[in-house]
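*Asks:* Heads up: the sequence lines are chains H and U, in that order.
Residue 155 in this note's numbering sits at position 107 of the first sequence; the count goes up by one each step and never skips.
Residue 82 in this note's numbering sits at position 34 of the second sequence; the count goes up by one each step and never skips.
Honestly, the hints are just simulated from the structure, not real lab data.
Errors might be hidden in some of the hints.
It does not matter which identical chain is used: a pair holds within one copy or between any two.
Straight-line distance between alpha carbons at most 30 Å, and here's what the computed DSSO-like set of lysine-lysine pairs gives [unchecked claim]:
id: 1; residue 1: 364; residue 2: 167
id: 2; residue 1: 167; residue 2: 319
id: 3; residue 1: 325; residue 2: 364
id: 4; residue 1: 319; residue 2: 199
id: 5; residue 1: 364; residue 2: 427
id: 6; residue 1: 367; residue 2: 199
id: 7; residue 1: 199; residue 2: 325
Letter by letter, the chains look like this.
2 protein chains.
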Amino acid sequence: MRSTAGGEIPKKITPSPDHENCNINSCLKQAGGLRTHGGSAASCGRFSLIMLPAYFDPIRARIVPALQRFLEDKKEELSRVNPMGPDAVQRLMEFSLRGKMIRGCLVHLGWSICNTSGKASVEQQLAVTAVGAAMELFQSGLLVHDDIMDKDPVRRGRPSVFSQYAEVADREGHADAQHVGHALGICAGDVAYFMAFELLATAGILPGELANLLALCAGELSAVGVAQMQDMMWGAGRSRAGVEDILRMYTYKTGRYSFSLPLLAGAIIAKAPADMKARLETFGESVGLLFQIRDDELGLFGTEAEIGKPVGSDVKEGKKTIIFASLMAATGPAERRRLGGIFGNPRASEVDIEYVRSVASSPKVRAQIDAITVGLGKKARAAIDGLPSGADEDRAAMAGLLEFTTARRH
Amino acid sequence: MRSTAGGEIPKKITPSPDHENCNINSCLKQAGGLRTHGGSAASCGRFSLIMLPAYFDPIRARIVPALQRFLEDKKEELSRVNPMGPDAVQRLMEFSLRGKMIRGCLVHLGWSICNTSGKASVEQQLAVTAVGAAMELFQSGLLVHDDIMDKDPVRRGRPSVFSQYAEVADREGHADAQHVGHALGICAGDVAYFMAFELLATAGILPGELANLLALCAGELSAVGVAQMQDMMWGAGRSRAGVEDILRMYTYKTGRYSFSLPLLAGAIIAKAPADMKARLETFGESVGLLFQIRDDELGLFGTEAEIGKPVGSDVKEGKKTIIFASLMAATGPAERRRLGGIFGNPRASEVDIEYVRSVASSPKVRAQIDAITVGLGKKARAAIDGLPSGADEDRAAMAGLLEFTTARRH
């Protein structure tokens, strides 16, 4: 799909082999979002990524110094507590700045598209940027905690925050350095959340809007927390999640939080009417689900070089993905029995994985997944079409985002 | 010290043996604060506690239903995500309601003493109660995370939240149930924070005050996080923290957060002038430090029956307490060498612990600690004396709080 409203056309980039742990999900996590062409960050190489318009570059260029200024002030303030305060803020700052800040940029997009007058005070522009910076700190907090849960030693190409602390604890002579690393990672994630909320408080949001914005952020983050709980509990457990269960989990763990929330935060600052907000919310949910579903497919049909982890690892870990649920829903008893012996079996062979691939490629399973993705694509497109026609550049950026999720083939 | 302003005089209660894991710190943690006489909660038995005035009982009686209503609404809302949502909120509700809610009550105290007109709208009273309820949710989040860090299987007389989840994960067939318990505990603590912030957003705080209140809470919580990091990193590590370092850690980990923060939150709602706020802040810091210091003494000089854990366990764990730092500061090289071989040695004998006790009882060490506690008591008392004379009942409650920290002997 081409962008329809005068924005830049999404382009492909050439893969390069220097991006570790890169599937679309970890790529998003590592990058804090999507890559743009023309951006300053290193390219994500393992996919032929269809890139977003350069729309996001100048926004990111404003978020970076805003985040740095806020965190430099926090470093000074927390140095009154102890030297670990500024040290933790420095680690969180480096971690946050390594992200591509798509969530932060989406605050601007949501605001810009709802700011139908086209006018904006300096104060309002600063507030939009500060709220974008807050989104990045929320994301950092979630990722720092995620890495502890997933036992992931690397994130965004560097040791994960808890791993950094485990190393420090080891140097300090702690016998149980790994546990101390986990504990300090928990604290660092907490501090990232708290700083994000403080950033909201000091963003210069008009008083009447702050309560709405705060309730929105806190409410969505609670939902992320319980969706993550479900994902962890399903994990390699015995429970059998259905297609609807998985879609709901994706909606709250990723879709709404990564896309709807920042768009709506911008819409609140622009005092957007309810119908505009509803369209942004729908768009965010749909695009978020498309991302996750495509991610699951890549995990099974990609190559290790492309996705940065062993192909079929989701299957071996027994992860409850949309493919897992679709297979269980669309197959007969004999196939289900064989699949049941493969999912969650860490010793599953290449023949086993190939069997999963073959069943997942069968027309009945494909039809089920395609029905979902086609429906989501239509919803997202209709949401864009329902937005004001004046904001061509913003709509083109949204179309580029949707293009990214639907057009990539590996 | 008697309360000087017509409030009830603090009383002693008789010890009973039914309170597990009870030292003053864990008592505070288990109770979410201090006991009151005349209160409905079970008495903390292992100490001859000097009780607070019944001042707090009617406040708690308002916070409980406010918290329940909010959390019941959240259960319904999060049931849209998955069944683990309402389940998590239920666990956090039960956990929070088992606390004595002193932090929540202190919001009312801070507000009441600053509300010099004596008048208050229904809306303002509801806001004070809701902010008090939010304080309890913040505390629940911190404790849920603390228990993971301290590997503590019990809290407030019941399995800690991560232990509950480890049990569920075990039932669900997870091979690594303990890790899943930790992961879900991290999420549950996060959700508690997010719900607390949402409660602030929906408390009905006047728009102009919300930003101040949010910045206050988020700022103090960041400081708690980095103070906790320091405490964990010192742990059994080799670093030698001095008296000032320890006092600073106590100030931010407990003093300001547990006492100054809720008092100041109330003061913000009452639009208190800066000098009133400064007195409440000083009072909170002083009382918080007195609590912690007394706690350290009890850990060495109490009996196992009194403190609910092996006497001297702080010493064996190498915890960096005020006693540790005072001993290191006030002794000569030979004593320091012997003490250095005892602190952090899990196999330290009863003779070793008795040696630590004897040095800690020596006049030079006592003089050092007494100088600190006497100074803190004076600061707290001066802060009370500087508050408006009209609010007799509020001042009496503050005096009772101070009395508790200075008069208890075990």
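*Asks:* Would you list, in rising numerical order, the hints stated earlier that this structure does not obey?
*Replies:* 1, 3, 4, 5 and 7
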